[in-house]
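Participant: Given next are the chains, with one letter for each unit.
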Amino acid sequence: MNESIHMHRAEKLWLRFGFLMLAIFLATITTASIIDGISPPSRVQTIDPTKVAQTPPFDHPGVRKISPGHYEVYYVAQIFSFNPQSISIPVGSHVTFYITSSDVEHGFYIPATGVNTMVTPGWVSSVSHTFTKTGKFLIVCHEYCGAGHQFMAGSIEVQ
Amino acid sequence: MLSTQSPLRNAENRLILWHIYTATGALALGALFGLLQGFSRANFLVMPSWFDYYRMLTAHGVLMALVFTTFFITGLCTFAVYRQIERSERSLTLAWVSYATMLVGTAMAAITILSGNASVLYTFYAPLKASPWFYFGATLLVLGTWGVAADIFANVIWWKKRNPDTLIPLSAFMAATTFLMWIIATLGVVAEMALLIPWSLGWTPGIDVELTRMLFWYFGHPLVYFWIMGAYLIWYTVIPTTFGGRVFSDALTRLSFLILLLLSTPVGIHHQFMDPGISSQWKWLHTMLTYGVVIPSFMTAFAIFASFELAARRAGVRGFWATIRFLPWGNPVFTSAALAMLLFIPGGFGGIVNSSYAMDALVHNTMWVVGHFHITVGGPVALTFIGAAYGLVPVLTGRKLFAPKVALAQAWLWFVGMTIMSLSMHWAGLLGAPRRTSDVTYMGASGAQTWHGEMLGTALGGTILFISIALFVYVAVGTLIWNKPESAPSDFAFAPLEPEALPTPAVFDRLPRWGAVAILLAVLAYAGPLQEQLSQHHYLAPGMRTW
Ligand code: HEM
Ligand SMILES: [Cu+2]
Ligand SMILES: [Cu+2]
Chain A
218 MNESIHMHRA EKLWLRFGFL MLAIFLATIT TASIIDGISP PSRVQTIDPT
268 KVAQTPPFDH PGVRKISPGH YEVYYVAQIF SFNPQSISIP VGSHVTFYIT
318 SSDVEHGFYI PATGVNTMVT PGWVSSVSHT FTKTGKFLIV CHEYCGAGHQ
368 FMAGSIEVQ
Chain B
102 MLSTQSPLRN AENRLILWHI YTATGALALG ALFGLLQGFS RANFLVMPSW
152 FDYYRMLTAH GVLMALVFTT FFITGLCTFA VYRQIERSER SLTLAWVSYA
202 TMLVGTAMAA ITILSGNASV LYTFYAPLKA SPWFYFGATL LVLGTWGVAA
252 DIFANVIWWK KRNPDTLIPL SAFMAATTFL MWIIATLGVV AEMALLIPWS
302 LGWTPGIDVE LTRMLFWYFG HPLVYFWIMG AYLIWYTVIP TTFGGRVFSD
352 ALTRLSFLIL LLLSTPVGIH HQFMDPGISS QWKWLHTMLT YGVVIPSFMT
402 AFAIFASFEL AARRAGVRGF WATIRFLPWG NPVFTSAALA MLLFIPGGFG
452 GIVNSSYAMD ALVHNTMWVV GHFHITVGGP VALTFIGAAY GLVPVLTGRK
502 LFAPKVALAQ AWLWFVGMTI MSLSMHWAGL LGAPRRTSDV TYMGASGAQT
552 WHGEMLGTAL GGTILFISIA LFVYVAVGTL IWNKPESAPS DFAFAPLEPE
602 ALPTPAVFDR LPRWGAVAIL LAVLAYAGPL QEQLSQHHYL APGMRTW
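Chains as they are written, first to last, in my numbering: chain A, 218 to 376; chain B, 102 to 648.
No wet-lab data here; the hints were simulated from the structure.
Be aware that one or more of the hints could be misleading.
EDC-like, lysine to aspartate or glutamate: derived pairs with alpha carbons at most 16 Å apart [stated by the list, open to error]:
id : chain 1 : residue 1 : chain 2 : residue 2
1  : A       : 229       : B       : 601
2  : B       : 501       : B       : 587
3  : B       : 261       : B       : 601
4  : B       : 262       : B       : 610
5  : A       : 229       : B       : 351
6  : A       : 268       : A       : 289
Chain B extracted, bound-state conformation (with noise of 0.2 Å):
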């Protein structure tokens, strides 16, 4: 085992702390936009010409559905790979290239965004057209993850090679598929970019707005599934060592990742239940799979509900309150954890009405959606990011985390906060509220004024969720600032296994085959509808830009 001091460990520590704090950042800036859209939204202020609505908003999403969410998912799984394969000699030079390789397309693309050149939201639906360098610090981005996708699999093959008849430890396995799955998502985004790049350099006369669309939401589902793999790493492996718990069974763990690779790219038609062009036979297919992801789901629950009832066990304590009351509620990286698993059941619910036909008619691109997404991957997934930040930042630097009371109560100010603005936003949402719009007054038509109170209430929840950022910087600062290294840093050991688990079927372990059903299935599922579009007549859209 390496030293917690050795200069490896140091200099892969630094590296980490790195992405950790890009993110932070990241959120930092995102909730800033989110907080003057909510007041956008209420008519508490109209944003000036020279910042206008929506560059916030591309910059919100941008900032918190690509970057925060992806440094920190390259942090993490980077973390548990050089944690799990300890090696006395690796060469971190890939892993800082990509990280850099990153670092540059954001500060690429956010450049663009910020001065107003790309104001095309997020999912830069074309003809919608940006400029040039948006499209390259995207794609830039994108590719330094693959980068990061390289070191983690390097890693695991060198480890795999020498541990031919064991299985990979688990974290390092869950990061190595998360990173599986994303490269066969991420190859939609990059195909899209070939064709959006030479089109904004003026090359090409036109662009196929139905394929790029389908080209996007391919990777537009399964990176969702990135962020939730993301948190159920941290749930299964790291939460159960803030009270000595165990992986409840590390079969079902493997086959719930498993699952989630083989079933992230055949979905995402469900994302345009309500274009043209796609026929409903595979708007059906695509919907009855989405229905897949329950699976995992209900095991992760139960495996997690398990790993906290068999720890309380082991310390005499039984009953399903008394079980409560063993977890350490003192501990905010414990706690961001179980409000984040509280606030994910209600947004695993309005998945379920999302991805049904009829109920999406009601709802698709009302505020409803933004408040699914607020109460799934804002809500449970940031929360759960930013808990394990707190732990993960005094076993990287060796420093005491800071303000821990603030902490804990930077944990449930999210919780509360993310309820009133979800729940606002569903309401408004089922009122037929539009989302992506900078004033929902309509120049006072009939139908719009109803909107108005749940737009208040997205404000309030908005204004308590920025003051809880406020105080995770805080936080996430004063331990770099303010807290001087202890003379013996904690290390920190992955969550181990139950010893009475059924043993993992050596099959679990075959990430290539895996990766090779998966990449099958998406072409299964996609074979269709290409093919549908690509035989009709096609008509190119020139793009403008027209903000």
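Looking at chain A on its own, in the form it has when it is part of the complex (with noise of 0.2 Å):
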């Protein structure tokens, strides 16, 4: 008996903290489907998949630089290849990729770094990384985009 009290006693706990993160997650959802939250810097601009080569800064793509330290690379990507297929930059640089695809999805990794993202037709994605090590780094597409997938990857010398 003793021991059935204490199940119960478990159970009911057990209960009352699933209705609280219930109701927790429900206000949450809520609200901040009515206020806008807070909004780190996440690209939404669209371009025109069919006209990317026509289409500034796309049509010249590669490397701008900004300010001492600070760069911005424009790539095309397209099956199977970036465009540019390699680029070199000084290490300290702060680098910002804006990417888009002519083609079908592709993605854009440079591996065992944060440089992580989808690169989708009709839209322009980007992402920054501050390089801190001199060296060749690979870029690889990491989305399946065809028969030549496994082929489609490109570089960074940082000098």
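Combine both chains into one complex, guided by the hints.
Facilitator: Put into structure tokens, the structure is as follows:
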């Protein structure tokens, strides 16, 4: 009898806990959908995927120096390569990548870093990174894009 | 109570057996492809051009994630409802038509994939454009499950009309909640198909890629909960029968299913953390709600362990290790589920990593993610279903399980193989190995060399898993071929309730109301991101076949 009372209490506790958490989640979703919360940068910009080659700045993909130590790089992802294929930047640079696709879904990923984004036709993706080490970095397309997907890679030389 | 020999009972059993054996077939074929994928990534072999890697990977993903799991769950939930809602007359027409629809759809999609006309992987992200037959087939598979859902609801409503003041029997309630969730979730993928089909037929010039991605993941996450709810149904109400245990708490069990129902759809954007076109507040909102799954998981872990402990105490056994020893480790039904539960623990931790925005940037679309879903769906869910099949097939056929020792070995091999394969995949992912790639050497690029050792681990684990599946097929088919029906087939009863448990609030049983709340939540969670997308200037992508 003692034991079953003990289990009763545990059961009650768990039920209360379940309800409480449910209430918290419902409150979260309701408030968040009414008022817009905090909003760190997340790119919402469209582009015509059939006219990427004519649309600035993607008509001239490549590296732009913004100020000392600050760079922007514009990439076009297309089956099965990145344009530009390889770039080089000085060590310590803060780089913002802008990438779009002129055909299907691709990925843009520098292994073992936080540079990781989907590249969706119709949209411009953006991700930033500070390169603190010299060396050659591999860029891989990490979303399946077709028969040659395993060859779709680029490189960054950090000097 | 129906006699175990009644013609209706026999007819019901046949229907459920078809579901279970169809699932088994998908699992076996999928495992062969999985093995070849592991070998291909480890550079043991290169797939020939007439059966290339991506066609095979599409088949593996579709067979495992969509066909095996779905057929097993439709069979399991139909079983739960038919056994708990006894009727002297029941039409099986709708159930058979639904099964046939699922099967025809599966065959259509499978043939299209295997012939190389739909190498779009199981996520079929536009604007990769498959043959229309692929989309037709997948749609039929889903519509067939709607038929199964209708059959389940019709039986539950029939019962509720006659027993307005009694709770729906627990396993039938779980089945109905699972399919209520499934209907709400699959609305997303059916809407996506409504865009993809005319486009693949050439009737519309282009496709809104980000919109189809959002619709896919509106469905894709609840798909995961569909698997979990199927596994939980077994853990809560079937596994205790293997050691004379009981369901610890009816109320807690129902509450955990209701939470899964409510939190299944408003979380899909956590699969799109790295997508452009969705601003971060929506990503944040869906992250918060994703963590909600921790609650039913902890509730389940607690309830399952309580059912172990209470059964042990009734048998005079006390203490943690004594309780563990008390459990029926010689029974493959129990052992499969118990090992599945163990695998679920690291699986849950991995999930917490994935759903945090910053961590996901390190692992998104790497082998880490593949490791994660093999140690969640591939490990626990699949092993639970395999174990349940060991329990159900004898009940449904009246035959003894063939080679139970082999079945036991199979479960352990699955546990070992999955641990090795999944750990290797997680590790490779941390080192940066991308997923969905036939060859990860990148022509000798320096960063890529570090991945090779882990790829060997994947191939080794995959080999053990393949042997394990071969043993499962041996037992499942052997039971049908070599074991004759016994004169008195055993009946089956789901685990009884713990008599001392607290009464269940009647409101838990009002499924239509909970369904309405779930729909409301889905609308709240998606209205913002959808509005944000649709308000942009829209460009359509023409689509192409790049394989
Ligand atoms: C014999 C056992 C298995 C082996 C050897 C195996 C192996 C693999 C490998 C190596 C991959 C990664 C391929 C890549 O990303 O390039 C993969 C992907 C996958 N596996 Fe398995 N697997 C097995 C069982 C399962 C099971 C039981 C399930 C689920 C029920 C499953 C579901 C999946 C899914 C959904 C994918 C992702 C497909 C995609 O990315 O499109 N696998 N599997
Ligand atoms: Cu690619
Ligand atoms: Cu998810």
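Participant: Taking only the CA atoms, is the gap from residue 262 (chain B) to residue 610 (chain B) under or equal to 16 Å?
Facilitator: 13 Å, holds
Participant: Against the 16 Å threshold, does the CA-CA distance of residue 229 (chain A) and residue 351 (chain B) hold or violate the hint?
Facilitator: Holds, because 12 Å separates the two Cα atoms, which is no more than 16 Å.
Participant: Residue 268 (chain A) and residue 289 (chain A): Cα distance at most 16 Å?
Facilitator: 21 Å, violated
Participant: Tell me if the straight-line CA distance from residue 229 (chain A) to residue 601 (chain B) falls inside 16 Å.
Facilitator: 12 Å, holds
Participant: Regarding the pair residue 501 (chain B) and residue 587 (chain B), is the alpha-carbon distance no greater than 16 Å?
Facilitator: 8 Å, holds
Participant: Could you grab the alpha-carbon distance between residue 261 (chain B) and residue 601 (chain B) and see if it respects the 16 Å cut-off?
Facilitator: Violated, at roughly 25 Å.
Checked against the numbered hints given earlier, the structure breaks hints 3 and 6 and satisfies all the rest.
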